[in-house]
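Throw the hints in and build the complete structure from the sequences for me.
As you go down the protein sequences, you meet chains A and B in turn. Taking our numbering, the leading residue of the first sequence gets 1, the next gets one more, and so forth. Taking our numbering, the leading residue of the second sequence gets 1, the next gets one more, and so forth.
A portion of the hints provided could be inaccurate.
No farther apart than 25 Å at their CA atoms in a straight line, the calculated lysine to any residue pairs in the SDA-like style are these [unchecked claim]:
1. K160(A) / N30(B)
2. K171(A) / F75(B)
3. K45(A) / L74(B)
4. K171(A) / P97(B)
5. K45(A) / V161(B)
6. K171(A) / R29(B)
7. K171(A) / V32(B)
8. K171(A) / I9(B)
9. K171(A) / L101(B)
10. K171(A) / A155(B)
11. K45(A) / V153(B)
12. K171(A) / G102(B)
13. K160(A) / L72(B)
14. K171(A) / L156(B)
15. K171(A) / E7(B)
16. K171(A) / L109(B)
17. K45(A) / A155(B)
18. K160(A) / G102(B)
19. K171(A) / T26(B)
20. K171(A) / V17(B)
21. K171(A) / L74(B)
22. K160(A) / I160(B)
23. K171(A) / A53(B)
24. K160(A) / F75(B)
25. K171(A) / L10(B)
26. K171(A) / V25(B)
27. K160(A) / L156(B)
28. K160(A) / A155(B)
29. K171(A) / G68(B)
30. K171(A) / Y65(B)
31. K171(A) / A159(B)
32. K171(A) / I113(B)
33. K160(A) / G76(B)
34. K160(A) / W78(B)
35. K171(A) / I162(B)
36. K171(A) / I69(B)
37. K160(A) / V153(B)
38. K171(A) / N30(B)
39. K171(A) / I160(B)
40. K171(A) / L52(B)
No lab work stands behind these hints, which were simulated from the structure alone.
One letter stands for each residue in the lines below.
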Amino acid sequence: MEGGTVTAIVRATQASLRLFGPEAWLTVGLLVLLVLDLVWRDVRKRFVLSGTAFGIALGAIILAIPLLSHAPTEIFSGLLVVDPFGTYLKIVIGVATLLTILVSVRNRELADYPVGEYYVLLLGLQLACMLLVGAVHFVMIMLALEMVSVSSYLLVAYRKVHSPSIEAGLKYIVFGAAATGAMLYAVSWIYGLTGTLYLSEVARRLPTMTISPGWLVVMLLLSAGLTFKIAAVPFHFWAPDAYQGAATPVAAFLTVAPKAAGFAMLVRIFYHGFSIYRPEAETWEAIPGLGWPLFLSVVAAVTMTWGNTVALWQKNIKRMLAYSSISHAGYMLMAVLTGTREGLQALLFYVVAYMVMNMGAFFTVLALSDVTDQYEDIAAYQGLAARFPELTWVMAFFLLSLAGIPPFIGFFGKFFLFAAAIRGGWAWLAVLAVLNSVVSLFYYVYVIKNMVIERPGEFRPVFSWSPAYRAVLVLGVAVLVLGILFSPIYGWTARSSYVVETFGMALRAMGK
Amino acid sequence: MVDVWLERILFYGLALVTVGSALVVTFGRNLVRSAFALFFTLMGMAAMFVYLAADFVALVHILVYIGGILVLILFGIWLTHRVIDLDIRAGRIQLIPGLILGLVLMGLLGLTIRSFNLAARTPAPYRATASGIGRLLLSTYLLPFEIASVALVVALVGAIVIGRRETSR
Numbered sequence: 001m002e003g004g005t006v007t008a009i010v011r012a013t014q015a016s017l018r019l020f021g022p023e024a025w026l027t028v029g030l031l032v033l034l035v036l037d038l039v040w041r042d043v044r045k046r047f048v049l050s051g052t053a054f055g056i057a058l059g060a061i062i063l064a065i066p067l068l069s070h071a072p073t074e075i076f077s078g079l080l081v082v083d084p085f086g087t088y089l090k091i092v093i094g095v096a097t098l099l100t101i102l103v104s105v106r107n108r109e110l111a112d113y114p115v116g117e118y119y120v121l122l123l124g125l126q127l128a129c130m131l132l133v134g135a136v137h138f139v140m141i142m143l144a145l146e147m148v149s150v151s152s153y154l155l156v157a158y159r160k161v162h163s164p165s166i167e168a169g170l171k172y173i174v175f176g177a178a179a180t181g182a183m184l185y186a187v188s189w190i191y192g193l194t195g196t197l198y199l200s201e202v203a204r205r206l207p208t209m210t211i212s213p214g215w216l217v218v219m220l221l222l223s224a225g226l227t228f229k230i231a232a233v234p235f236h237f238w239a240p241d242a243y244q245g246a247a248t249p250v251a252a253f254l255t256v257a258p259k260a261a262g263f264a265m266l267v268r269i270f271y272h273g274f275s276i277y278r279p280e281a282e283t284w285e286a287i288p289g290l291g292w293p294l295f296l297s298v299v300a301a302v303t304m305t306w307g308n309t310v311a312l313w314q315k316n317i318k319r320m321l322a323y324s325s326i327s328h329a330g331y332m333l334m335a336v337l338t339g340t341r342e343g344l345q346a347l348l349f350y351v352v353a354y355m356v357m358n359m360g361a362f363f364t365v366l367a368l369s370d371v372t373d374q375y376e377d378i379a380a381y382q383g384l385a386a387r388f389p390e391l392t393w394v395m396a397f398f399l400l401s402l403a404g405i406p407p408f409i410g411f412f413g414k415f416f417l418f419a420a421a422i423r424g425g426w427a428w429l430a431v432l433a434v435l436n437s438v439v440s441l442f443y444y445v446y447v448i449k450n451m452v453i454e455r456p457g458e459f460r461p462v463f464s465w466s467p468a469y470r471a472v473l474v475l476g477v478a479v480l481v482l483g484i485l486f487s488p489i490y491g492w493t494a495r496s497s498y499v500v501e502t503f504g505m506a507l508r509a510m511g512k
Numbered sequence: 001m002v003d004v005w006l007e008r009i010l011f012y013g014l015a016l017v018t019v020g021s022a023l024v025v026t027f028g029r030n031l032v033r034s035a036f037a038l039f040f041t042l043m044g045m046a047a048m049f050v051y052l053a054a055d056f057v058a059l060v061h062i063l064v065y066i067g068g069i070l071v072l073i074l075f076g077i078w079l080t081h082r083v084i085d086l087d088i089r090a091g092r093i094q095l096i097p098g099l100i101l102g103l104v105l106m107g108l109l110g111l112t113i114r115s116f117n118l119a120a121r122t123p124a125p126y127r128a129t130a131s132g133i134g135r136l137l138l139s140t141y142l143l144p145f146e147i148a149s150v151a152l153v154v155a156l157v158g159a160i161v162i163g164r165r166e167t168s169r
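Here's what the structure looks like:
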């Protein structure tokens, strides 16, 4: 290779690194944490490492904030893109990581297991999610997806002496391997049919091609990997086991961060790869013959209905929340398949709402695990209002918000989703979603009823000032305050919801 | 003419070995036999890569799949008790749906492959691929190359934590 090209590569890499701050910081931080884990050997180790991990995650958010208003730019020869949409989701993922670290510090479920490696895996998962959010090239997408999956498997199986945890991890791996294998096969077909792995190039070449029946297979196989990551039907089977078997902080994190990254991947693939942007209407129109909106609508309808129906029968709170999170993935899919800017905005808003209320609900279970032994069985929640009034209040907030009751943030999240679906021409889906919300109210309120109305004896109120309590109370306030004052977040989503209409600038500059 | 026929016979012979041994892997009763049949499947696949003039991929395929994964499977069998005599067939519960799904998949993919007029294309002259791949890995694909190593670090750390025996808490 001649000297000129080497200089060009170095220049391009330097320019890319400037917009790669959060991810680069996380990578370095992860390695520092690994070394710190080796050299620090005293009783304060758990707190020192937790503090360091917290600082690393916080730093990533701070580095990401300036990029929020950065014009969409392709970096690393068009493999990644930095745009407001991606940066918004990266910040959400970062906040989810921060909250998870906060509640992991004194978590009883994790107390017997090594602390340094736990944070390395957690930050590795955060890094992978952030990479997946920006990936617009199939090699990068598959690599980031694999990294997300591997660190998730390991985190689920982290409590290795706890046998449900190992079983859940194993099931997760087997499912994940099958789903990733199917998706990888689909990607190789896409490459074979179009001759490119850049999403923007796929979108440019597809309209000039005849869509052969093979594309149906491609879509089916591709959706295996995509539905696996967002835990949608038919690749949702791992979720209840994984969330139940994992330590509660891990379960809370897994319901939010990889799901947000998975939705970003869906948007990137379907909007950039399989759509044509119509700037006058601000919509992404599916390339004729692929029919992915119809396909996704079926997945969304089945997912929300199945998740809600099965959630009705659950006795274990973590399993119930797992099935509820499956149905929420169905609601969110509704926003993706509209292909409108409004839908995208609703999705971004819902991700925040979902993070606050779903993590809140999981963290309440976790705060309970600090003070009582029976925290997973819904039947054991009887009389909780008398013993832990604060926790009961916030848990009621989270559950009502998940059901979509005003004035909590979940109501506005659902409102925007349904509005976007109706205006996008998917009224039947919106009606189904509303019906599903009504059904979901039943199992959410059942928990509240158990906590508040049933009183099997007299108790004195208990309050402990553990990190989990603090996190829960903060989220409890957030779910209410953000529900009433939702406009700042909504404004943010408006600014972040435009995904670049035309990619491939870097690609064309390279002369390919 | 003779060498065209020879090539065809060789190709279909290899394809037969690959698919046949894959069937043994799937339907075999004995785990050890399945593992050894997998060797022939993987070798056959490496040969397919050679046919596609992907010399580097063929070599890496042998290194990783036969040198790594297959040996790992054999070690796994060796170190696990009572797995050797186990009947490992998954049963026939889903035989009919699986068969239908497989045939539909095969039909659709076959249709797509047929829609390409492969005979009309002249194969590009053979060129060794290793240096080109190396160049791409350090230019266009620099980031995936680096990220892969970070992913491996994370995977290794996790694997060690889960794999090691706890000595002290």
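(request) Hint by hint, work out which the structure violates, then give me just those numbers in ascending order. (result) Hints 1, 3, 8, 15, 16, 18, 20, 23, 25, 32, 40 contradicted; others consistent.
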